[in-house]
Amino acid sequence: DGGITQSPKYLFRKEGQNVTLSCEQNLNHDAMYWYRQDPGQGLRLIYYSQIVNDFQKGDIAEGYSVSREKKESFPLTVTSAQKNPTAFYLCASSIGAGATYQQFFGPGTRLTVL
Amino acid sequence: AQKVTQAQTEISVVEKEDVTLDCVYETRDTTYYLFWYKQPPSGELVFLIRRNSFDEQNEISGRYSWNFQKSTSSFNFTITASQVVDSAVYFCALRGGSARQLTFGSGTQLTVLP
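Protein chains in written order, with my numbering: chain A, 62 to 175; chain B, 64 to 177.
Bear in mind the hints are in silico, worked out from the structure with no lab data behind them.
For clarity, every value in this text was computed on a predicted model and none was experimentally measured.
Note that CB positions come from ideal geometry on N, CA and C, so glycine has one too.
Keep in mind that the hints are not guaranteed to be accurate.
Unchecked claim - Pairs of lysine-lysine, DSS-like flavour, derived with a Cα cap of 27 Å:
no., chain 1, residue 1, chain 2, residue 2
1, B, 66, B, 133
2, B, 101, B, 66
3, A, 70, B, 101
4, A, 132, A, 70
5, A, 144, B, 66
6, B, 101, B, 79
7, B, 66, A, 118
8, A, 144, A, 75
9, B, 133, B, 101
10, A, 131, A, 118
11, A, 118, B, 101
12, A, 118, A, 132
Claimed, not checked - Output of the computed footprint for chain A on chain B, the stretches with three or more beta carbons under 8 Å from beta carbons of chain A:
no., stretch
13, 88-98
14, 101-110
15, 120-129
Stated by the list, open to error - Beyond 12 Å from chain B on every Cβ pair, some chain A residues (computed):
no., residue
16, 79
17, 87
18, 130
19, 138
With the sequences and hints as input, model every part of the structure.
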């Protein structure tokens with residue numbers, strides 16, 4: 062089955078620790094995205110990647126880092142510099158980065174920092 | 064700059080009632096794309112529809128219909144004969160032709176009561 066997988070579904074970390082969220086897609090999509098969702102709010106873009114070995118900051122990139130070494134994978138690291146990391150994180154992908162392309166979303170990872 | 068406003072934070076209806084979710088957008092682009100996504104309690108966003116700015120025809124898909132009006136910058140979503148399974152958060156999103164990212168509204172929580 063083609064799709065996007067994110068693991069784990071729930072993640073708990075102590076304050077001050079870095080944590081990496083996994084995102085894998087087997088849709089052969091060039092573009093991938095990371096969004097953050099807070100309660101009662103819409104999704105906000107953290108980072109996106111149009112192609113392997115390339116990525117760009119979104120609206121709220123501070124305290125986050127990404128890599129795109131393989132087409133299928135776009136891991137997100139939440140660093141200790143992120144002041145309020147507890148949130149729901151959604152990964153998405155699209156065939157291309159153009160405006161016309163629909164984004165497909167993964168099931169999300171709920172991160173709680175204690 | 065792009066902006067999407069979903070003024071209805073929460074809506075409750077009784078099963079079989081019709082319900083309309085409002086979406087108002089702002090963009091300076093003449094070419095742009097509008098989307099609706101559904102987020103059930105599981106968290107994954109499910110794509111419902113994409114509409115480009117040059118196509119103002121209303122669309123119907125089963126119990127779902129969309130009313131796009133450029134004159135009022137609105138892209139409203141109606142569910143006819145609502146069902147309990149329609150309960151979810153619904154997001155309207157916009158991407159201008161020149162924009163690098165999708166801009167989401169804050170979402171409308173729809174609860175359909177049996």
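Each hint, compared with the structure:
With a CA separation close to 15 Å, the supplied pair residue 66(B) and residue 133(B) stays within the 27 Å bound. Taking the CA atoms of residue 101(B) and residue 66(B), the gap is about 19 Å. The hint holds against a cut of 27 Å. Of the supplied pair hints, the one linking residue 70(A) and residue 101(B) holds, its CA atoms being roughly 19 Å apart against a limit of 27 Å. Our distance criterion of 27 Å between C-alpha atoms is met by residue 132(A) and residue 70(A), whose separation comes to about 22 Å.
Pair hint residue 144(A) plus residue 66(B) holds up; C-alpha atoms about 25 Å apart against a cutoff of 27 Å. Restraint check: the Cα-Cα separation between residue 101(B) and residue 79(B) comes to about 19 Å, which is no more than 27 Å; the hinted pair holds. Proximity of residue 66(B) to residue 118(A) is assessed by CA-CA distance (about 19 Å); at most 27 Å being required, the pair is judged to hold. Between residue 144(A) and residue 75(A), the direct Cα distance comes to roughly 13 Å. Compliance with the 27 Å bound is thereby established for this hinted pair.
Using a Cα cut-off of 27 Å, the hinted pair residue 133(B) and residue 101(B) holds, with the two alpha carbons roughly 23 Å apart. Simply put, residue 131(A) and residue 118(A) have alpha-carbon atoms about 18 Å apart, close enough for the 27 Å limit, and the pair holds. Of the pairs offered as hints, the one joining residue 118(A) and residue 101(B) holds, with about 26 Å between alpha carbons and a cut-off of 27 Å not exceeded. This hinted pair checks out: residue 118(A) and residue 132(A) have alpha carbons roughly 18 Å apart, not beyond 27 Å.
Only when three residues or more bring their CB closer than 8 Å to a CB of chain A does the claim for the stretch 88-98 of chain B stand; here the count is 4, and the claim holds. Residues of the stretch 101-110 of chain B lying with their CB closer than 8 Å to a CB of chain A number 6, which satisfies the three-residue condition for coverage. With 0 residues having a beta carbon nearer than 8 Å to a beta carbon of chain A, the stretch 120-129 of chain B misses the requirement of three or more and the stated coverage is violated. Residue 79(A), annotated as away from the interface, keeps every beta carbon of chain B farther than 12 Å; the closest lies near 23 Å.
The beta carbon of residue 87(A) is kept farther than 12 Å from every beta carbon of chain B, the shortest such distance being approximately 16 Å. Every Cβ of chain B is farther than 12 Å from the Cβ of residue 130(A); the closest lies at roughly 22 Å, confirming the non-interface assignment. With a minimum CB-CB distance of about 20 Å to chain B, residue 138(A) clears the 12 Å threshold, and the non-interface call stands.
Violation of the numbered hints given earlier is confined to hint 15; every other hint is satisfied by the structure.
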